[in-house]
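Asks: Residues per chain are reported as follows:
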Amino acid sequence: MKLRANAVIGLALVGFFVAAALIGAVWTPHDPLKINILQRMKPPGAGFLLGTDEFGRDVLSRLITGARNSLLIAVLTVAGAVGFGALLGLVSGYARGVVDRVLMMVNDALLAFPGILLALGLLAVMGPNKYGIVLALALAYMPVVVRVVRGSVLSVRAREFVEASRILGNSEAFTAWRHVMPNCVAPLTVLATSMLGWVLLAEGSLSFLGLGVPPPEATWGNMLSAARPYIGQASWLAIYPGLCISLALLGVNLLGDALRDHLDPQMRQ
Amino acid sequence: MLSFVLKRLASALPTLLLVSVAVFALVRLVPGDPASLMLGDMATEASVADLREQMGLDKPIAAQFAIWLGKVLSGDLGQSIQFAMPVRPLLLDRFAVTAAVVVSAVLIAALLAVPAGMLAAWRHGSAWDLGTVATATLLMSVPSFWMGLVLLLVLGLHLGWLPVVGYVSIASDLKAGLLYLLMPVLTLVLVESGVLIRMARAATLEVLRLDYVAHARAKGLPERLVLGRHVLPNAFAPTWTLIGLVLGNLLGGIAVVETVFTLPGLGRLLVGAIFARDYPVIQGCMLFITFVYVLVNLVVDLVYPVFDPKVIAE
Amino acid sequence: MNGTTSPLLQVQGLTLASASATVVDDISFDVRAGEVLGIVGESGSGKTMAVRAIIGLLPHAIRRSAGRIHFEGQDLATLAPRELRRVRGRRVGMVFQEPMTSLNPALTIGRQLDEGLEYQTGLSAAERRQRIVSMLERIGLRDGASRLAAYPHEFSGGMRQRIMIASAMLMRPALLIADEPTTALDAVIQREVAQLMFDLTREQGAAAIMISHDLAMVAEFAQRVVVMERGRIVETGGSEEILLKPQHPYTRRLLEALPRRAPARALPAAPVPVVEVRNLVIEFPGRGGFLQRKRAPKRAVHGVSLQVMPGETVALVGASGSGKTTVGRAIAGLLAPTSGDVLFQGQSIASLDASARAAWRFGCQMVFQDPYGSLDPRMMVADLVGEALRNVASLDDGARIERVQQTLAEVGLDASFGRRFPHQLSGGQRQRVAIARAIVRNPAFVVADEPVSALDMTVQRQILLLIRALQDKHGFACLFVSHDLGAVEQVADRVLVMDDGVVVEGGPRDQVFDRAQHAVTRRLLSAMPALQPEGSGFRLQRRATGIA
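Protein chains in written order, with numbering that gives the first Met the number 0: chain A, 0 to 268; chain B, 0 to 313; chain C, 0 to 547.
This is chain A alone, in the form it adopts within the complex:
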């Protein structure tokens, strides 16, 4: 398999953060939650590689825990959105008729909420909590999956090899399982990868606004939010979390590109 620059860099970046998250589950240089007033606002240097924040907590350790939180939320959200969305999309694409029309109308209404607005609304109702954000974002992004999977199902069903399966005497269920679904996986994979990026960004935004993971738990978004008042004096507090989000997003985007390039010639068939 020819490895492209996209895939290599993307994989490296994403791999780096995943590794950080996994390591962070068992070890961090310092305790990310330990408050140490004597050491507050120290710039990057010995002992605290990336400095300390306004409570004296080690920035590096918080970044590592933040990686774990952000990535976990992103993965759970995408899994939920893709899992349920694919199911609904499949049902809609197969059922057709009234069921399809109704499902699509509701889906379009949900899609009508721009960006993270729906998630904002849901969080307003739920109140900030770590798993509420997964639910809110999953619900906000599910409609896109439904739309894409339904489209995929409809177009694959019209292909001749599906008719061929019917002519062989296979039942509808077998044809759906063996022929239709596997051919819908490719576009879904590309979507899931893009969605990972969107959710990372959305979670960061929501946490930045104070509606995501509540403090003192660290996520890159809420670290940036906390850094705002001190941006003049302790600029490193604002630089590093944002850099992490950007690099993670870059990694996901590059991987998504590489995946799309790899699958495209096959999808075009």
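Certain hints may be false.
Unchecked claim - Below, a sample of chain B positions facing chain A; criterion: calculated Cβ distance under 7 Å:
1. 25
2. 28
3. 29
4. 142
5. 204
6. 286
7. 288
Claimed, not checked - If the Cβ cut is set under 10 Å, some of the chain C residues that face chain A in the computed set are:
8. 363
9. 376
10. 386
Simulated from the structure, these hints should not be mistaken for laboratory data.
Everything numeric in this text was worked out from a predicted model, so none of it was measured.
Beta carbons: idealized from backbone N, C-alpha and C, even for Gly.
Got chain A sorted already, so can you dock chains B and C onto it with the hints?
Replies: Then chains B and C, alone, in the frame of chain A:
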């Protein structure tokens, strides 16, 4: 042509209706008495009882929705708990700020990104192309709130060129107002250009491969005519749709940029209302922003045939 | 021909290469003023790239590494872009293959016809319009003036191609290059469009280069022919000469692929037809409702009756839209008829119980037109064919694998093909897999829906011979749906001609081909080149161009 317009308008209506249902249901999901939620903790018993009657809380839920919808359509969005003023003028006021930022950003981003993407496609494989793609991918990966913070740090604090907090409306003072708008707009332009450049480039590459471009060249037409008349309009169609989506995305997430630059916009209003449990404002913002987005998409769809006449025939 | 005047176009030693391969290898040919040169070759021969190089329209990845292109006193290969642009359109015109994609969908045809004239000539707007309208009338578009504001998608494929030709000839070039101009069109339209193109070039005294994979069509319209294989010219000569006395083995193979009538065969009499259709009517429901464009219900098939006896091949022919494909699909059970009956081995397929249904599915199989779409891209060849044996209780795994291998060998694919995926196979190989899948269960009846239309000429012949051989061996009956009478001639025992949803003529193959009664049949036949076998080649009979 007319049937296309009517069809599109007609399909927007059930969407708007269902959106209203969703917003209505959302607020009703909050535990507690709906009337006292709308009036806040400081309300008197009497006013709560009054509102209960007005909202028809003793009637079946469908009737309550009908009453609510009636009020919304006639412009009555209730009273803000925080500001003790009607919600609608509050929304419109704040929207003016948000709209100024979002529209200018999208316009400038499109004007810069689309030619850049098309140029990259035309010079496919060159250093310019690779550089453009790399830049676009990088820009696309930077979250708007971080971009804003970095710009604030550099342009505002370190260099002192632009104001860091506050806001002056351009209606009252053009020059000062523009200074306050510059950084937020710049932030959004940088962040959204990435995705627009990539789409413009991809669409142009697709079109350049097509036979009718070769055909135009075979007629001996100069490259500028080929690009301008044959490539540009056809390549622009998918980018046009994307512009609508970008606008929507910005509308949904504008709160972060407004927070960074402390702009009195709609996004910040919504977030503030969430913290303050100002349900009339939450409700009003969600309805308003979504309706605007549906309208934007409608306009995008209705203009689309200009770039792709085939759509009308279908 | 006067040999002292220099040729209009002279290509010398042209070599084109991409980063990984040589596309065109040291070719030389010339075109004299007013003559038609045909370039024949199959896919991968490099013929398209060769002519594109003449006016410098090569894709990004392919470059000219050697050679000269002399035209009207200049070497086009080394001309500056600005000079080359003056040659394009005005001196050398080009017509492309795909009418769907070669006209810009977002511009009116008036604009597209006008722009070349506007840029290249000094004519006024009124003069240009005058010329365009009269050219439109010439190509058969009545009331040209009012159609100038129409968009390409409003025209049929054949008309779009005529518009393309008009667009090129408007500028009165000295040389017209036509790259497979009729390949994407229906058989009858193909001939009409080609005829129009050459009438126009003759009227204007222009020379033409016609590229095609269809040797017979090229021989009919061109004076000289160049045969290309894999980037090289293998043979050049007068068109009739090449048909009559081919020298190079590849040319001979191309000739072998020309349709020739298969010998008539005697079939054992049988009491009951395998498949019978009685008064089949198929109507597609109209669309309507609130704000949806009202579409009237469409009757695709108006009452068709036919019989297929065991072991015979019945061909169902007609132009597109005649309803033949619909009938084929109804017989295969993919469509439910509106009224009428389809009987399989005596039983109506509409009223089968579960076990009879399974038996029907066993006995009745189908081969589709598109070799690219009828195989699941995610499955290996062995699994694709093996899937057909899924429900056969009497076969265990081992027996199944063996049966699959056997069948693959029968269609000419060795054991190594079993592990390959469709995208690793050529069009012909994919169609062989499709055929293997259809016959592995030993069906009594196979519907073949345009099984070779999408394939290269030489491959077409191989597949048709394969179908015939398999039929002789296994004895299945076949309904062969096609618009291509050349293919039909090679496999059919009986022929039914359809037009507009009804069968207009039917009978034994030789009778229909030699003594056609109905106007539609005669029209279809006139689209076939009149080839008389002579010695080891063919002689072309120039046919009268009047269409019945």
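Asks: Now tell me if each hint is right for this structure.
Replies: Results of checking the hints against the structure:
1. 25: 5 Å, holds
2. 28: Constraint on residue 28/B satisfied, holds at 5 Å.
3. 29: 5 Å, holds
4. 142: At 5 Å from the nearest chain A Cβ, residue 142/B passes the 7 Å test, so the hint holds.
5. 204: Interface hint status for residue 204/B: violated (12 Å vs cutoff 7 Å).
6. 286: Status violated, d = 10 Å.
7. 288: 6 Å, holds
8. 363: 8 Å, holds
9. 376: Status holds, d = 5 Å.
10. 386: 6 Å, holds
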